Structure formats: structure tokens, C-alpha cells
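Chains as they are written, first to last, in this note's numbering: chain A, 1 to 417; chain B, 418 to 1422; chain C, 1423 to 1516; chain D, 1517 to 1739.
These are calculated hints, taken from the structure and not from any lab test. All values reported here derive from a predicted model rather than from experimental measurement. A couple of the hints might just be wrong.
[As the list claims (entries may be wrong)] Far from chain C by the CB rule (all over 10 angstroms, computed), these chain D residues: (1) Asn1537; (2) His1552; (3) Asn1584; (4) Glu1633; (5) Val1678; (6) Asn1683; (7) Leu1731; (8) Tyr1733.
[Stated by the list, open to error] Only pairs whose alpha carbons sit at most 30 angstroms apart, straight line, appear in this in silico DSSO-like list of lysine-lysine: (9) Lys1314(B) to Lys1502(C); (10) Lys1574(D) to Lys701(B); (11) Lys829(B) to Lys701(B); (12) Lys1502(C) to Lys872(B); (13) Lys547(B) to Lys290(A); (14) Lys217(A) to Lys1470(C); (15) Lys806(B) to Lys290(A); (16) Lys1039(B) to Lys998(B); (17) Lys872(B) to Lys269(A); (18) Lys11(A) to Lys940(B); (19) Lys547(B) to Lys269(A); (20) Lys1217(B) to Lys11(A).
[Claimed, not checked] Sample of chain C residues lacking proximity to chain A, with all beta carbon distances greater than 12 angstroms (derived): (21) Tyr1427; (22) His1430; (23) Glu1433; (24) Glu1436; (25) Glu1437; (26) His1441; (27) Gly1444; (28) Gln1445; (29) Leu1452; (30) Ala1456; (31) Phe1468; (32) Pro1472; (33) Val1513.
From the three backbone atoms N, C-alpha and C, an ideal C-beta is built for every residue, glycine too.
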Amino acid sequence: MQKYSGFGLFKHSLTHHENWQRVWRNPTPKKKYDVIIIGGGGHGLATAYYLAKEHGITNVAVLEKGHLGGGNACRNTTIVRSNYLWDESAALYEHSMQLWEGLAQELNYNVMFSQRGVYHTCHTLQDMRSNERLVAANRLQGIDNEMVDAEQLQKEIPTMDCSKNARYPIMGASVQRRAGNARHDAVAWGYARAADALGVDLIQNCEVIDMEISDGKITGVKTKQYGVLKADRVGCVVAGNSGVLAKMAGIELPVESHPLQALVSEPIKPFLDTVVMSNHVHGYMSQSDKGDLVIGAGIDGWVGYGQRGSYGIIEHTIQAIVEMFPCTSRVRMNRQWGGIVDACPDASPIISETPIKNLFFNCGWGTGGFKGTPGSGNLFAHTLADGKPHPIAEPFSIQRFHTGALIDEHGAAGVAH
Amino acid sequence: MTQQNRLTSGGRIDRSTPLTFTYNGKQYKGFKGDTLASAMLANGIDVVARSFKYSRPRGIVACGAEEPNAVLQLGATEATQVPNVRATQQELFNGLVSASTNGWPSVDTDVMGMIGKVGGNMMPPGFYYKTFMFPESLWDTYESMIRKAAGIGRAPRERDPDTYDSINQHCDVMIVGAGPAGLAAALTAARGGARVIIADEQNEFGGSLLNGTEKLDGKPASEWVRAVVEELSRYDDVLLLPRSTVNGYHDHNFLTIHERCTDHLADIAPVNQVRQRMHRVRAKWVVLATGAHERPLVYANNDVPGCMVAGAVSTYINRYGVVPGNELVVMTTNDYGYQAALDWADAGRKVVAIVDTREAAVGDRTEAARQRGLNIISGSAVIEVQGTKRVTGVSVAGLSASGTKVIGSVTKLKADTVATSGGWSPVIHLSCHTGSRPVWSDSVVGFLPGATVQKQLTAGGINGQYETAIALQEGFDAGQKALAEVGLAAANVVLPETEAMKVAAPMSLFHIPHLKPTSQAPKQFVDYQTDVTAAGIEIACREGFEAIEHVKRYTAMGFGTDQGKLGNINGMAVAAKALNKSIPETGTTVFRPNYTPIAFGAIIGRNCGALFEPERYTAMHKWHVQQGALFEDVGQWKRPWYFPQAGETMQQTLNRECLAVRNSVGILDASTLGKIDIQGKDAREFLGRVYSNAWAKLAVGKCRYGLMCGEDGMVFDDGVTACLGENHFVMTTTTGGAAHVYEWLEIYHQTEWPELEVYFNTVTDHWSTATITGPNSRKLLAELTDADVTNDDFRYMDWKQITVAGVPARVFRISFTGELSFEINVQANYGMHVWEKLIEAGAKYGLTPYGTETMHILRAEKGFIIAGQDTDGSVHPYDLGMGWCVSNQKPFSYIGKRGMNRSDCTRENRKQLVGLKTKDPKQVIPEGSAAVLDPKGPKPLEIQGHISSSYWSETLGHSIAMGFIKGGLDKMGETVYYPMADGTVIEAEICSPIFFDPKGERQNV
Amino acid sequence: MLHIYCPHCAEYREEDEFHCAGQAHISRPLDPEACSDEEWGEYLFFRKNPRGLHHELWVHAAGCRKFFNMTRDTQSYEIKEVYKIGEQPSVVAE
Amino acid sequence: MSDLNNMTAAESAATKAAIMNQVPGSEIEGQSPLHHADFASLAQQGPKTGGIHLREHKLLGHLTLRCNAENAEQLAAVERVLGVALPLQPLSSVESGNYSIRWMSPDEWLILVPGLETFEIETKFRDAMPGHYSLVNSSGGSTVLELSGDNAVTLLQKATSVDLHLNSFPVGKVVSTLFAKSTATIRRIDEQRFELVIRRSFSDYIWLWIQDASLEYGLVIEA
């Protein structure tokens, strides 16, 4: 793999950048793989990378029906944090967080992981209680998270209205300072480039239309473009389309796919140096390095695969932003878009075996998928390699919806992110 | 400086109304009817921005929404600052203050420009992915540098002084764009009697008809426009919206129109007027008549100020009476480019040459140019521009027939303006918003609207039809179609005569070759605002970013505030060439809302500040305010939190309020609790199904507490329900849960058990509830009623209909404090009266008003839970130690029964609610604290549970807490530890949550 | 924004007057006690979640407060029909 | 379950238990939800001209009736009590003397009567109505605003997404819908005149909203 560096840039500038290596090959698929991963998004590509790197399994194909990282990977608002409530999820997201740290160097691709801190503002006593609870739990889980009062908050985020005269005055906030955001495209591309370099076949424009299942065991998948591709194990990591693939396998999932919208303002000079979320007034915002205010909107209450949501959601979200940041009233909204999130009833993901032998699902990340990318890929790689879930992934099996052992993170998941 | 580029006559500006404006601290003059851009050009201002990556000087290139460069900071005061205003869309007003955004010390002399020149070559697309990685620790520094350099304008630091509005509209036909096609459609639909809305982003209707010299019915086109607008404004059911951009086209024909009401008057709206208004339109049919944007050509140094699109040059001359230069070179791939040269010549300035990339094209416009003796150079192109802050000359060379190679020698021409036309891109943005994918047309050389499920019609330029005659006809047809679709008769409209123009075939050419390969030629810009060059796109393709989405994201093409209106198609063409594909093979380009940016304020309208969300008040709210209560937000309600007296700390207030209740009597406004009136002979059965406990035997006149669970067995609400009559109950819910509980009851009744005869009605607002509680509450009540309220006649958990302070009331003898209590419910219109009488009569007992905080302490002393605080959706009644509130004898499997018997719900070691007593009685465990068995163990420590409620109990003289502990109910007396943030550990003993009056004697007296 | 015809009010209203209550035609098992944990879990959590035609339960929350069913294409968002509780859809996925 | 049409009056009699005359003697002044806004003084001191006119009809009797529109006996009973039949068409209303009835839902109607007649009418209903029904006095829970003036329609367009064009919203039509961020039951009483039934706890918000949205047109308070 060609090494990237400032010096490299200089060197290539002398030859007018005509000799950069391809970031990944465009291979034609083999007839048989050890592992086929359906879905070339961040999670799928990360899974492939860790399969090759940590398990030496390189006879792997990632099948992507469109282009790499073209789904939620390039539609999300890029927040990364690990301050979740329950021990199970805290372990999961912290595992991910630790992989985020140093990821750019590991992949030799600048994913721009920016640990600028993530604040959850509290607007009611109930808000305060649940954040105090979260902070206390995280402390024992070894995850950094602390409370700051309104006064301190005003100092740390000057553009936010922390005064008493707001409709829901901000009483304080919890902040995870190690948290932050990253450059979403770069994560997908970085993993893709690294996986490709380790020999993984990344097959774009390759749509899975059926699964080869006989006596409860999967042996391969049927694709629109290349017919049947055989595999010992198949992992589905297709976010919003999980339901569609589950249908091919003849199973139902405790998952519903909803539109999730986001929007950006026009690029402006530095206005917000961190990430702010409010579960109470339902809005959250950060500022991209390009200068756009990146704002996450809510989820529509109905199933939707159109990558479009309702305008009302946009209105409510911007109301919340202006309520917290009155100075944004004359800032202008540039663009909005939508993704498809597959949400579980307990707002926690599924990393699990299925009733079909050798078929595994990694889905239900709801609004938390981006931050989970490295951890999800890493654990799912273990699961695919060993044929059984990694200990951290175990609690996230589909079984929990039968036994009732849910991991209810609605509190921590709060608004969409 | 005088307006040296202003013509003495012509244009639609009002020379009798001169206006003064400021740009970068310097004053200039313009006229009413100018845009900021036209006024700047009139004053010969060349450089309006510095490019974001290379800091190259940039000038105005276009005249409308597609302008990528002239993006300025507006605002005379701090509070009225507006970032990123497109000068081509901002009408000039007197006193307008504008400034360029980048460039230091100034946009004209910018040191970054040097860095851009030197470092530019080290900044290929995506360079930031390849560097800034070492050392890891420095990324924060790199990032803050990048952030400072990026961004265009700045947000104000003060609150917005203006108000905004949003309004809902309905119509039969929504027409987007008031050019020839739009006006014809509107006229037709209006005459046919349809409800019509027609919106156009410009200050007056007419679109392209106002930019040219065209004649309709032998008269200037503007006269036909005036007549049509005049007729349209006579119809009651026609809404004309100039200065209004249709920004979003959403599902089911929902559109948003952004109307700029006062932006053309001043940078702050006149008193009582709104600055901007959003129209939320629901249209039966939509006619998109959005026209097309002219494409500039991609050639070396094509970003030097003075390089413009040809149509814009004509527009500035014809509409604003401004000639943006002296010596013009036109480069075109089609006939329309010639018009700029003709207009330029008419304006009396020098046309150096018309460079046509085609060989010997013959159309009416080309011939007109020949007859005028203009210098036409065919089969050639401008391959490079000279100059830095203004064009000084061009290099012209012959092209191969395919337009891919330079052939023959290079001629240099002196010129200060280059107008290029690479053809037109239909404005299909809105049609994409609802998910329809555009389709490429080789004949149009552009994308056309794709198939859609919306009730949508298109007319004119958006269909690639640029001749007025056809645009008018298509508009007319769309109008008639819409009339027919909404069931109205066809309208009688005669379209005006046009001058038929013969048009020669355009050449499909986007990227002008250079003598050197693209990677080595001077920069050929595709997307000006994001500094994306043809070479950059080639690099992206070479690196394997082959899907057009990849190319766009890797290079940032189309991610500017103009969203690639000028550049996207050219970029796709460059990529297609690099990949040896056709343009459609590289993919399509999909546009998303907004068409142009909208102020946040306009999107939220009035829903901010005091109107951000309703504040719900009880009938006694005003009294609480007068008493200086502090309020707690519970849902949308404002509830008194506590009633501090002068000099009291919060804790002192709470202590006083608590003791008053325990020793004498206190009063609480409990009106916010949800109340649902339930009638019908199956009401009782229904209660038995939605509550976990039994209701069959509850007698008339009695009350009972109930727990409500979901089908998963988890508690989500609780409250007391009273039996008012054999078939009549009133249920109370938590304040926050009222709406949910009501919908819960209705969904089960309507979808599962419609056969049950029962009706539910919300009566929360109808009743005011004053709760008097404490040993003296009976005495107090007795003073205000003739009814017998003694313990023999009015038992605990009874309710009575009596008169209190002269007002008929339902009084419930229930208690949330453990004290003798009466909840006095009266019709809310009389709530304040009864409250004030109670306060009056209570004085002698030291009646003390208290708020939610004291209520929470008092109930916690009794171990009563608060749903939502002591429950979190993961606990069932047994976890709460409330098995007594579950009846498994009920024949019907009530909601929650099966759920709470799932294997995980019946396992050992579930978290259970217990009391917690700190070893140090003075220590209050912070709510939310997590319990562990061994605080010294290694992290992560296994969490045993958390504190859900914790207070100082003045009554008991020690702290009290309720919380969850794994298997807690079997661990009475055991010790758990709560590690604090400061490293200290609070030690507590597990105990019963009932700290006060465990036998419950006080409420029974 | 969906434009929804309320079968009870007999006219179109904006989406914000309604709530979607999820997949339609999921009836509560008549004898919950007879359900295995697995069956109860399916009833509680597992959903069709189709891309294409979907039958949903909606309530006209800010209007007549009546529940009704809707058949909607989850890809194009077209509403194919609305029908009252107890009625069966006439448009169904093939 | 039992046939709605032959439940004896005795069977439904038990429901009488809970009804009561909730209105005290005239010596006690009732306070409508907007009492403290003091429309009386605003009417005197405030502007006399403007595009929006607002008046509160306070302390009326609000009765919510829920019964079966297919039950002829119930329909007949209502007509006996009120002297006018229930409007059965969705979104329709009827008026007769001091009584007016609004269709709220296929099995729900809102009846407005003079405040002091409320209990009498309730009692009449309890005597007359057969079968399964519910009658709830909600007089304290809501109030009535009358909004009129040249800009009344425009103002309402800002609060509700319902189409107010006369062709689709004729005089007499009534809708329950969102009003800004609250709810209201809106009835057209003539071309430029609307009646809004709003909830008590939201009335301050709605009052504030109307004042804000009227700024463009001028607000005249009537009393």
C-alpha cells in the first residue's frame, strides 16, 4: 500500500499528481470465498479489514450494490462517543472508541477524528437525574464523562444561550471530552483502502438478490451481476436494508427502518468548537472543518426507504437549534438529506447469529451506527471468524427479544444520533 | 467613483432613484432596480472574493442563483449580519453595507494568495486525507488552522431583531417560475378558474423575457409580461409571489416557498413587519417552469475576474444597463452565445471576437452577428486567459472536430471580458427533491426531469426548450392539463406572436483542451466556489473514485453554497472523459433541498423565544407567580417547584415546607395530574385489563391506586382511580404521562376490545385540584364545608361530593404524603376562588404552599415511587417490590402479565427497588449514583444499581434514598458503596424504602 | 410531509395531525399465557418492515382521535388506501 | 356484548351518581382561562381598528357527548333534550337558539350551552338517554374565542394547515386540528368570523401567539 504523508504530497506535486496509486482495485469476484460480507458501508468495510488483519482471513468479498460508503456512511452527522448507560453498551461503544483513537495512523488515512468533546445539555430536573446517572455509571465503567453546570457551560460554549430566560433553561450538561466527530467518507475509504491492500475483494455495483440456503444452512448468495457466489460464512451489514435481506433469508428481525434526516448550514467561520446535543429540545449540532453547521434532525415515526423524511422534522430541529443558539437565526440552511436507519426496540444494535447456520447479522444500530463503525467491524469480524459472538457482542444477540433481556438505551440514544 | 460601466439609457433600473451602498468600507452609488452585483459591476468592481483553497481573486460570473463567487457578508449592525449573501440575488437598497469575506489584509492584496500559488500544487483533491497525520498529537492544531481558513461569512453575535412568519397555503396549481412558460401556465390556469400560486425568486415576474431584447406581438416582451401580471392580480384565487423562491418540493406535492418580504428595503424589517415568510404549500398539481442555467466552459484560468457566462453579460446590459467591461471575447458552443456579442455591440463597446467551437454554424443569431461585421472565429476556442485580478487577454486556438485536441497555432487577443456559453442546464433541482432521478438527454446536452410519482408537470427551459415560442406553448399546455386534472373546463388563451428564430445545432463540449495535458495546464476550474479543477477530477478518477458520487465527495465538487449549479455537469463531463464513459454512465447528479439557502429564522417562523413551545398553566398559576414560586418544567406544564421566602436557601425552604406538612398542614396545586373520565358498563372490566391489580370489587365512593404496565410487563404509569358510579370512573395519571395513557386506552379499545362498552374523555383541564395535607387538613376542610368530614364518615380512600368554600367539589381522601390528606377538585373556573379561600382559612394553621420538590421528599419518606423517576422502562411491579399491586387471580390476562413472566423477568438477581440509609446520616447520596460491592476493585466495576431518589429528610433528621440493587429485596441490612466523582465513597445500608410511619397510621386518622 | 385522508373526518389533513402506531393487523394473542417466550417476543418486537407496500396503523391524534389503517409504499411514500379498523386492505403486496 | 339498543334506562341509571351542578352561586365569580388577560379593559383602552378582532365567550357550558350515531333512540333522545338533532355529517355543526353542537368524531359531539343551563341539560340527558353513552361536563377545561376581521383567515392560515378557502371550509364547518403548537376546534360562523374552542391550560400560549401574529394587521379586543 502506497504510504500517504505530507512528503508524499510534495513528491507527487512534482509529477503533477499523475502517479498516485489506486485506492482500491476493481476485481471481478471469484466463485467462492471464505467469507462474504454483504454491504460496503463503513461497518462492512471495517469488518473485512479486521477479518484480514486480526484473523488472517483474506479470502473475503465485500458486496456493495452501489458504491462503497454510499449509504448511511456518507449521510450521517459523524458523532463519536462512548458514554452509554448500561454496562453492555458502554463496553461495546468504548471498545469502538479505543479503536477510533489512532485509527488514522493505523489506516494511514486521515479520518479526521476530532476529540472536541460531546455535551448533552440538561433542561429539566429529570434530564439532570438521567445525566448524573449516566456520568456515575460511566465513571465505574472507566469511561470519561463529567457534569458541568450552566455557568461553566456558558464559558465553554460562548455561542449557546445558557441564560435562565430560555423556554427550557439549560441547567447543566454532561460532557465526554474524549468524544467528538470524524470525517465520515474518510472512514469508509480508509477501511476500504486498507482492506483492499490486505487482499479483500471489494465488489461495487453488485447487488445481492437472493441467498443460497439449504437445510437451514447458508452456502452462498445470488447476485444480480455475477450470479451465485459461494461462501462458508455470510455476514449482513446493510443498515437500513436489513429487513430486505432478512426477507431473503426468510426471517423477521426486531427492526424497523425509518427515515433519519440531517442538514447543514452554509459554511461560516468558526462558531462552535464542540458537539452539543439536547435530548430535551431535540436537536444537536457540531461544525464541520469546512465550516458548515452540521445538524441532526429527528426520525420519522413511519417506515421509509426513500431517504427522505418529513419537512416538519426539519422545522422542529431548527427550532431547537435556534432556541439553544439564538445567533443562528440569520445563518442560512444550505442542504438537507435523509438516510435509512434500522432501529431496534431498545435502541441497541444486533450483532448476532441467526436461525440460519453460518448467516450472521449486524444491524439495528439505529442512529448510533457511525460511532460504532470500528467496534462493530472488529467484533463482527471475530463473530464471523469464530462462528460465534465475541463476548462483548454476546448480549446483543437476537435472543434478547425473546427472553426480555433488552439493553434499553433510549435515554442515552435520546434524539437521533 | 462614478458608475463608469453604466449605460445612460436602457434597462429596468430607475435612474431617478439613486442609492448609496458600501462595499469593503467604501461608498458607491447604484440605482433602484439594481442587484448588489449589477451595482458593483456598474462601479467597475472586479474582485469580489478570494477562493477558498488557492485564494485566487474571483469576480462576478453570473446573474442569479447560480453565482458561485460573489458571496458577501451583509449587515450594517452586529445583530443584522447575514453571512454568504449572493450579490446577484440581493436587491440594492439605500445604506446597504456589504463586505467580501476572505483575503488578508484585503481581498485585493491577499497574502494567502501567495501561499495559494506556491502551496497550491500540494493541495490536490483529498490532500487532507493524506496528511496532517503525524504526529497524531498535532491534529488538533492542524484542524484549528483548517477551520480558520475555511468558512465564508460569519454568524452575528447578537440575537436576531427581526421576526419571521410561516403560513399554510392550498391551491389547485402551484407554478414555479414566472418566465414565459410559467406566466403562460398561470394565465391559462387562472382564466380557467383554478386556485393558483405562482412564485418567482426575482423581484419582478418575467424571467428571461426581461433579460433580452425579444419582442412579443411586435412589442417589447416586458409589455406582455405587464399585461399578464396585471390580469393575474385581478383574480381572487391567484396568489402572486415575487421575491419568493420555491426551495423544497416534498412528498405529496408539499412545497416550501421562501418569500423575502423586506430584504430589499433594509437589513432590518420595518416595525411590525416580518422579514421573511415561509409558505407551506399543498398543491393538487405543480408546474415546474424553472428555466435553465447557462454553463460556462472549462478552460485555463477561467476564474480570472472578467470571465463570465454569456447570458449574464446580456442580462447586465439589457436589464441593468451595465456593460461589465470594454473589450469582449465570446466563446460559445451554440447560437445563444452570440446574443451577448450583439448586445455588447449595441451597447457601443468593442467586441473583439466571437470564438465558436463549431465549424460554420448557421442560425439567425450567427447571421445577425455576421451582418454586424463582428469577428467570428469558427472551429476554435479560448484555451487560456491572461490576467490575475482582471482579464487582460486570451489565447485562441483551433480545435479538432471532436473538440478534444488543440490544433493549429495560438493567437493572442487583447480583451478584458470573456463571455462563454457551453449550452444550458435545465433547472431540474425541484424535480429531484422527491426522489425522482434525472435522465440525460443527448439532444438537450443536459439532464431532464425523471419519472415521478408526484402530480407534476414541466414547461419551458426545464425541458430543454429555450425558444420563447415553445416555452409559451408548453406553459399553456401545462395550464390546460392542470385545469383538466382538477376538473375545470379548458381556458381560452391566445398566446402572443413571437419572432421565430432559426437555431443551429449546439456542440456537445464542456472542457476546452489546452496545449499541455490537463494535469500540467494552468488551472481549469469546474467548480469555482470549492476550487475544483478539471485536473483535480482527473486525479480523483485515476485514484479509483469512479462513481460520480465518489468524485464529488472526494473533490468537494457541488458542495458549495451554489450546490454546483454551474459546475456539476461540466464536472461529470470531465470525469466521463477521464473514465472513457458517457456522462450518464458516470451516474446522475441528484439535488436536495434547499434550492437556495434559507435563514434558520424563516424556517422556524414564530416558533422561537416565548413561542418556542407552549407553557401550560393551571388556574392558580398567577397566584404561584405572585408568591414568588420557582417553577419546574414537567412536560409543557409549569409547576411550582418550591416557594422560597426571603433569605432562604433552597434546602431551608424545603425543610420548612416539609415540617409544615408533617406538623400542621400544607397545600399543593395538583391540577396538572392527568385525569380521564371513563363511562360505560364495561369500564370496570377495562380497568382490570390495563392495570396490574384488581378492580372488580371497587365500590362506588371508593378510590384505588393502580400500576400500568406495557405488554412487556414494564411499569410506565400509575395513579389513583375513583369509582364515581357503577359505570363511571375517573382515572388520574402522571402529569407527563397523561396524553400517552389516554392514547393507550383508546388504541386498546378501538383496535383490540371494541366490544367493551366504555368511553374515555380527557378532563385534565376541567378540574382544578388543591391538595391539603397534614394533621390539620381536616380542621381546615371542615371550616370551609358543612359536610361531615370526620373519619367515621369520610374514610381513607373514600371520595365525596361536597361543597367547599361555596363551590361544589369532588374531594378525594387519598394521600401521597402519608399524612391525612384531601384532594379538592372543583371546576377550574372556580379553582382560584377555592384556593384563595383555603389560603385565607389556613392562615391560623400556618397553611404552607409547597411545590414538587417537597412533594417528592414527602412521598420518598413513605417509599412511594414516581413513575419516570423510580422507573425507567426496565422494571416491573415485582422489581419495585410492589407485588401487592399485581393480581394474578384476574380471569383476563391483563396487559403486562405475560410480559413480566418472560425468562429474563423472573430470573434471580434482577435490580430491585430498595431503601438506602447512609452510614453517615448527614450524607445525601447524589441521585444517579451507582452502587458497587467493592469500590476498590478494578474498572470496569460491576454496577449493582443506581440511586433513583435521594433527599435530606428534615422530619427524620437523616438522609433518605431509594434505589435499585441487584437482588436487593433479599439483601436487607447489607452494605453497598457509591463512589463519587471526587474519589470519596459513600457507604449505605440496604433497607426498606418506607422510612416514615411504616404502619401508615397517620393517613388513617 | 404526507398528506393523509382521514376515513372518519372524510378529508385530507397534514401529517402532523397524525401519529403512526406501527405495523397494522398485529392482534394481541387471545391467550397470552399459552404463548412461549419466543411467541410473545415475536408479538412484541418482530416486524415485517417491508420495502414496498406496508399496512400501518395510524391515529388522527389532533383531529377525531380515531385509529385507522393505511396501505403505503415505503419506497415512494405513495398512500394506496386508508381503511377503518376491522376492515381488510384491498391493495396488498403480491 | 349486549345490544346497545336495548339497555334499559335502569341499566344506565347508575351513571347518574357522579353528576353534579358544578356552578356555585352567583356571589362567586368564575374565572375563565383568560380571566387575567382582562379583555374588558383591553377593549376599552386598546385600539379600535385593525385587521383582527378577538373576543372571548367565557363561562359557557361545554358538554361532550359520546354515543352511537346508529342508535335511533339515542338520536331521538338528543333531539328531545336539545330541540335539535345531532349533526351526523363529519365536520358539520348545528345551532338552535342558545345551543350549538359540533361534530367531533363519529361518536363524539361538543355541545355548547349557556353556563347556567349546563346542569339542567346534563340531568335531562341522564333521564332521557338510553343505552351506552357518556356525557362529560368539560366547561372548566376550555373556553371559546371568536376571531374575526379582514385578516382573520390569513391569521388562521398561520396557525392551522387546514384549507380555509370558502369552497372547502364553508360557514358551519367545524374541524379539530392543530393551532400553532396547541390544538383548537375551529368553526366558521360566517365568511370572516371563526369560533375557536381551546383548552384552558394552553389558552395563555394561544393568546400570546395571536398577539404576536396579529402585529402585521393590528389587533382589536372586543368585550
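Name the hints, by number, that the structure is in violation of.
The structure conflicts with hints 5, 9, 10, 11, 16, 17, 20, 24, 25, 26, 27, 28, 31, 32, although it agrees with all the remaining ones.
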